[in-house]
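From first to last, the protein sequence lines stand for chains A and B. Positions 1 to 317 (the numbering used here) are the ones given, in order, by the first sequence. Positions 1 to 317 (the numbering used here) are the ones given, in order, by the second sequence.
A few of these clues could be false.
Since the list can't tell identical chains apart, any single copy or any two copies may satisfy a pair.
As the list claims (entries may be wrong) - Keeping only pairs whose Cα atoms sit at most 25 Å apart, straight-line, the calculated DSS-like set for lysine-lysine is:
| # | residue 1 | residue 2 |
| --- | --- | --- |
| 1 | K91 | K102 |
| 2 | K79 | K296 |
| 3 | K103 | K151 |
| 4 | K123 | K151 |
| 5 | K24 | K4 |
| 6 | K128 | K24 |
| 7 | K292 | K176 |
| 8 | K79 | K292 |
| 9 | K128 | K151 |
| 10 | K292 | K89 |
| 11 | K91 | K292 |
If you are wondering where the hints come from, they were derived from the structure by calculation, not from laboratory data.
2 protein chains.
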Amino acid sequence: MKEKFAIGIDVGGTNTKFGIVNRKGEILIQDRIKTNGTDSVDGFILQLSEKLQPMIDEYGGHENFAGIGMGAPNANYYKGTIEYAANLKWKGIIHMADLLEKKFHIPASLTNDANAAAVGELKYGVAKNMKDFITITLGTGVGSGIIIDGKIVLGHNGFAGELGHVIVRHNGRLHKGTGLHGALESYVSATGLRETAIEILQNNPEKPSLLRNYSIDDLTSETVYICATQGDPIANEIFEYTGQILGEALATFVLFSAPEAIVLFGGLTKAGDLLMKPTRQAMEDNLLQVFKNQVKILFSNLKEADAAILGASALVW
Amino acid sequence: MKEKFAIGIDVGGTNTKFGIVNRKGEILIQDRIKTNGTDSVDGFILQLSEKLQPMIDEYGGHENFAGIGMGAPNANYYKGTIEYAANLKWKGIIHMADLLEKKFHIPASLTNDANAAAVGELKYGVAKNMKDFITITLGTGVGSGIIIDGKIVLGHNGFAGELGHVIVRHNGRLHKGTGLHGALESYVSATGLRETAIEILQNNPEKPSLLRNYSIDDLTSETVYICATQGDPIANEIFEYTGQILGEALATFVLFSAPEAIVLFGGLTKAGDLLMKPTRQAMEDNLLQVFKNQVKILFSNLKEADAAILGASALVW
Chain A
1 MKEKFAIGID VGGTNTKFGI VNRKGEILIQ DRIKTNGTDS VDGFILQLSE KLQPMIDEYG
61 GHENFAGIGM GAPNANYYKG TIEYAANLKW KGIIHMADLL EKKFHIPASL TNDANAAAVG
121 ELKYGVAKNM KDFITITLGT GVGSGIIIDG KIVLGHNGFA GELGHVIVRH NGRLHKGTGL
181 HGALESYVSA TGLRETAIEI LQNNPEKPSL LRNYSIDDLT SETVYICATQ GDPIANEIFE
241 YTGQILGEAL ATFVLFSAPE AIVLFGGLTK AGDLLMKPTR QAMEDNLLQV FKNQVKILFS
301 NLKEADAAIL GASALVW
Chain B
1 MKEKFAIGID VGGTNTKFGI VNRKGEILIQ DRIKTNGTDS VDGFILQLSE KLQPMIDEYG
61 GHENFAGIGM GAPNANYYKG TIEYAANLKW KGIIHMADLL EKKFHIPASL TNDANAAAVG
121 ELKYGVAKNM KDFITITLGT GVGSGIIIDG KIVLGHNGFA GELGHVIVRH NGRLHKGTGL
181 HGALESYVSA TGLRETAIEI LQNNPEKPSL LRNYSIDDLT SETVYICATQ GDPIANEIFE
241 YTGQILGEAL ATFVLFSAPE AIVLFGGLTK AGDLLMKPTR QAMEDNLLQV FKNQVKILFS
301 NLKEADAAIL GASALVW
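Produce the entire structure from the sequences given, and follow the hints as far as they go.
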């Protein structure tokens with residue numbers, strides 16, 4: 001085959017990252033745009049093309065490219081669509097693969113953004129030699145990719161592996177995007193952790209906390225992390241609570257596919273042991289005997305942007 | 001191949017059913033013994049052999065048999081063992097495949113009893129032409145088998161598909177066998193439904209119910225069913241509650257593998273629409289948009305004993 005390159009595009013709730021990847025899995029050049037920088041998907045394609053087309057030209061034009069792989073929320077591999085994505089401005093069903101092919105004259109494939117990250121881990125990351133693992137992305141939202149027997153699970157309609165929407169607290173927090181109550185994503189995402197912070201601070205007005213020095217807008221997973229490392233008890237309690245819920249959920253996931261490992265990924269993992277310790281403890285506490293002390297919880301060793309771009313590009317080959 | 005027959009053995013919490021099956025999937029002869037008729041696994045093998053050996057002899061002796069397939073709780077396909085089964089008298093790790101081979105001089109394979117039932121559905125049941133489905137057994141306990149891409153999911157250690165132990169109510173009912181709180185099995189099994197009945201009756205002493213005519217020992221899923229069909233409001237409430245929890249759990253399972261169908265199986269399914277209606281409603285209420293009105297809930301059309309024996313025997317071929 002004469003095509004030397006693939007394009008990997010990762011559509012996140014905030015940023016869309018993209019790059020040109022060679023057959024060895026090296027990202028040769030990359031850039032990003034705001035995902036919701038315009039209201040329409042046509043505007044998105046235009047902004048993408050303004051940065052991506054010059055890259056394509058630099059690497060010899062569209063004839064040098066085997067394909068475009070895109071990872072996006074609610075993307076469907078079978079149909080090349082993005083459907084009812086809760087965290088994007090584009091509503092309904094978007095025929096993204098068609099739009100990309102028309103714009104760039106390069107064949108395009110789509111998959112769930114979290115599936116793309118899982119494929120990145122399988123090909124280039126900590127799960128390189130594993131046949132059964134689950135990737136959980138803890139970012140603005142919570143995504144997941146499930147690998148069984150070395151293959152990504154797509155399911156009957158192509159939407160398998162939406163573990164962020166598993167109900168972990170009956171009648172729990174409302175998820176505005178989906179209308180569901182008590183979903184994992186409402187607790188263990190950056191957004192969820194922020195909500196936990198506000199709740200705990202408001203429910204404990206008598207307890208002092210460094211977090212009270214921040215305005216409600218500045219109360220983010222980063223500021224909670226900073227306060228926790230300074231020994232703030234409420235900030236630590238927030239991570240304990242988040243890890244407790246995540247660990248319980250991981251115990252449930254283990255019951256499905258009995259993975260060798262669960263790979264955590266995304267912004268919240270920057271908290272390191274603050275998150276990992278309570279997560280591991282809660283998972284073990286809730287595991288069946290036959291799974292105890294067997295399932296590894298790992299942090300991804302790929303740079304976040306890289307894994308998603310690499311995973312998306314791996315769709316092409 | 002000259003071997004004409006396989007043996008399928010289904011080890012349940014109460015009965016062990018076994019039969020001789022030909023290559024067409026016809027059960028030629030079958031029988032059963034009590035699973036816990038003796039305290040030791042050696043006693044079990046002895047009682048099994050007293051009934052099974054004459055059958056083997058009738059069909060030409062062990063040389064005519066390609067193998068023994070056994071479905072059992074907590075059975076491990078990779079190792080041929082039964083490990084820490086909560087509902088059996090045999091504790092620790094039982095090397096069942098070895099015991100069977102030694103006794104009958106026929107090669108033996110093991111799998112989880114619910115996995116065996118799923119394989120039975122795949123080969124001979126309502127899921128015959130499906131590539132992605134989940135089987136849930138609602139019996140004394142709750143078992144499950146997950147089929148993805150036409151294959152049973154075994155996982156890294158061989159214990160995948162233990163969905164009865166998924167936590168559906170945080171800090172909920174204690175499961176004595178596992179020590180876990182709020183597991184699905186504690187609500188949607190025959191045992192769980194009975195516990196729901198007792199709870200609702202005790203919490204509503206002012207409400208009349210036909211169920212109050214039964215002693216607590218006679219309060220079973222069958223008696224609740226009888227009273228519900230006679231229009232008893234509390235009996236109906238018990239099925240509503242059970243279906244609500246089951247439906248919520250099914251919505252979670254859909255997020256995992258995006259199955260075409262979920263096949264329900266076992267004693268509780270005899271309640272028909274009393275269970276099916278609230279289950280379907282609760283599942284749909286808790287599904288993400290991309291899954292709504294897509295996933296079938298089906299009752300198995302195989303006789304319970306047959307599916308498990310057939311599924312276990314299918315391990316052999």
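Exercise for the section: Check each numbered hint against the structure and report the violated ones by number, ascending. Expected result: Of the numbered hints given earlier, the structure breaks just one, which is hint 3.
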